[in-house]
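S.K.: Spelled out, the chains give:
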Amino acid sequence: MIEWTENISGEQATLSLRGKITFEISGELRNRVKAILSEFPLKHLSFDLAGVRFVDSSGLGLLVSIKNTMVKRDGSFKIDNAAETVRNIMNQTGLDKYFEI
Amino acid sequence: MATIALQLEMAKKVGSRRLDFIDDLRNYAQFFNRVVDHLHDPDLETVALTSTFESRRSHIEWIMSFSEHVLFKIPLVPPESLSPMLLIIHEAVSNAVYHGNLCVPDEIRASKTFHEYEEELAAAHPVLLNQQATMKLLLFRDHGDLTITDSGKGFNYQLQLDRDHPPSPESEMGRGIYILKQTADEIRFQDNGKTLRVRKNWRQT
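For the record, the sequence lines run as chains A and B.
So in numbering that gives the first Met the number 0, spot 73 of the first sequence is number 72, and the numbers just go up one at a time.
So in numbering that gives the first Met the number 0, spot 40 of the second sequence is number 39, and the numbers just go up one at a time.
Bear in mind the hints are in silico, worked out from the structure with no lab data behind them.
You may find that some hints are simply not true.
Stated by the list, open to error - Chain A residues, not near chain B, derived (Cβ > 12 Å throughout): (1) E2; (2) E5; (3) I7; (4) E10; (5) A12; (6) T13; (7) L16; (8) R17; (9) F39; (10) H43; (11) D47; (12) A49; (13) R72; (14) S75.
To be verified - Stretch-level coverage of chain B by chain A, calculated; a stretch enters the list once three of its residues show a Cβ under 8 Å from a Cβ in chain A: (15) 50 to 62; (16) 85 to 94; (17) 106 to 114; (18) 160 to 174; (19) 177 to 189.
As the list claims (entries may be wrong) - Listed next, the in silico PhoX-like pairs over lysine-lysine satisfying Cα-Cα at most 20 Å (straight line): (20) K72/B with K135/B; (21) K111/B with K19/A; (22) K12/B with K72/B; (23) K77/A with K33/A; (24) K180/B with K135/B; (25) K33/A with K111/B.
The structure presented is a predicted model; accordingly, all values stated were derived computationally and were not measured.
Even glycine gets a Cβ: it sits at the ideal position worked out from N, Cα and C.
Full structure from sequences and hints, please.
M.R.: If you want it as structure tokens, here you go:
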């Protein structure tokens with residue numbers, strides 16, 4: 000289960016997430032990000048993961064796909080406030096450097 | 000009506016208790032309430048959780064939620080091993096259902112929600128959603144063992160096991176078994192990849 004709040008201003012948006020980012024829900028989150036990106040001329044997107052305590056391999060894939068999309072738009076994607084459990088899985092998979100956390 | 004079966008067996012130094020559940024999800028809360036008080040017993044020595052479930056999102060969410068409650072409430076797993084063990088269960092269940100039973104194609108994973116894909120399958124190939132997976136989770140004072148068997152055709156697991164580095168950072172898929180390998184102490188596939196066995200030792204502090 001995941002829920003989030005959105006703060007969109009000009010070219011910047013922050014999604015503050017709460018719950019788990021897993022296969023079962025990653026499609027819904029991906030669709031919402033796609034909709035935001037088609038509606039707003041965003042250059043900088045960030046996810047505040049302070050409320051996220053679990054990410055699985057599909058959730059990591061989703062975060063990577065969002066970063067890839069933002070890079071293609073000449074924009075940026077940032078992850079803030081990742082919990083230790085999330086940092087651990089990022090470290091295991093070498094994504095800590097990719098996301099600069 | 001899709002059914003789900005679960006057996007929870009808790010053993011102490013003296014005596015044991017077994018609770019069974021075979022029903023649909025409407026009665027899950029009743030079963031959980033019946034179980035929850037037994038999970039805090041400080042004298043527990045082993046807990047065995049066995050479940051047979053179908054390839055439906057509701058069943059997966061149910062089994063994950065139940066496993067998490069058991070893991071976090073029993074006095075057997077040290078705090079630092081809780082999240083890694085939960086990650087192992089999640090990756091193993093995902094692997095069995097989405098890859099083993101449903102063979103969800105990569106392009107579907109990248110373009111549809113699981114709910115949308117499940118609705119498509121329900122209309123076109125409902126029998127696929129009935130395919131079962133069986134999970135057995137054994138928790139001891141020093142380690143946990145997980146065995147999960149799916150109903151699929153199997154796969155070339157050796158390729159995945161031989162991989163000694165993670166996929167490239169830009170890759171949007173393919174990290175599941177690598178994460179299992181990194182998180183577990185032992186990982187073994189059997190029966191052409193249809194059965195996965197994983198062991199995780201608790202770190203003694």
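S.K.: So, for every hint listed, does it hold in this structure?
M.R.: Against the structure, the hints:
1. E2: Check passes; 15 Å lies beyond 12 Å.
2. E5: It holds; E5/A is separated from chain B by about 18 Å at its closest Cβ, greater than 12 Å.
3. I7: Given a closest Cβ separation of 22 Å, the condition holds.
4. E10: E10/A clear of chain B: closest Cβ-Cβ about 23 Å, beyond 12 Å.
5. A12: Holds, because the least Cβ-Cβ distance between A12/A and chain B comes to about 21 Å, which exceeds 12 Å.
6. T13: holds, 22 Å
7. L16: holds, 16 Å
8. R17: holds, 16 Å
9. F39: Per Cβ check, F39/A is outside 12 Å of chain B; nearest 21 Å; holds.
10. H43: Per Cβ check, H43/A is outside 12 Å of chain B; nearest 19 Å; holds.
11. D47: Check passes; 20 Å lies beyond 12 Å.
12. A49: It holds; A49/A is separated from chain B by about 16 Å at its closest Cβ, greater than 12 Å.
13. R72: holds, 15 Å
14. S75: S75/A clear of chain B: closest Cβ-Cβ about 15 Å, beyond 12 Å.
15. 50 to 62: With 3 residues in contact (Cβ-Cβ under 8 Å with chain A), the coverage given for the stretch 50 to 62 of chain B holds.
16. 85 to 94: Result for this restraint: holds, n = 5.
17. 106 to 114: holds (count 6)
18. 160 to 174: holds (count 9)
19. 177 to 189: holds (count 4)
20. K72/B with K135/B: holds, 18 Å
21. K111/B with K19/A: holds, 19 Å
22. K12/B with K72/B: holds, 19 Å
23. K77/A with K33/A: With Cα atoms ~16 Å apart, K77/A and K33/A stay inside 20 Å; holds.
24. K180/B with K135/B: holds, 19 Å
25. K33/A with K111/B: Holds, at about 12 Å.
In summary, the structure agrees with every hint in the numbered list given earlier.
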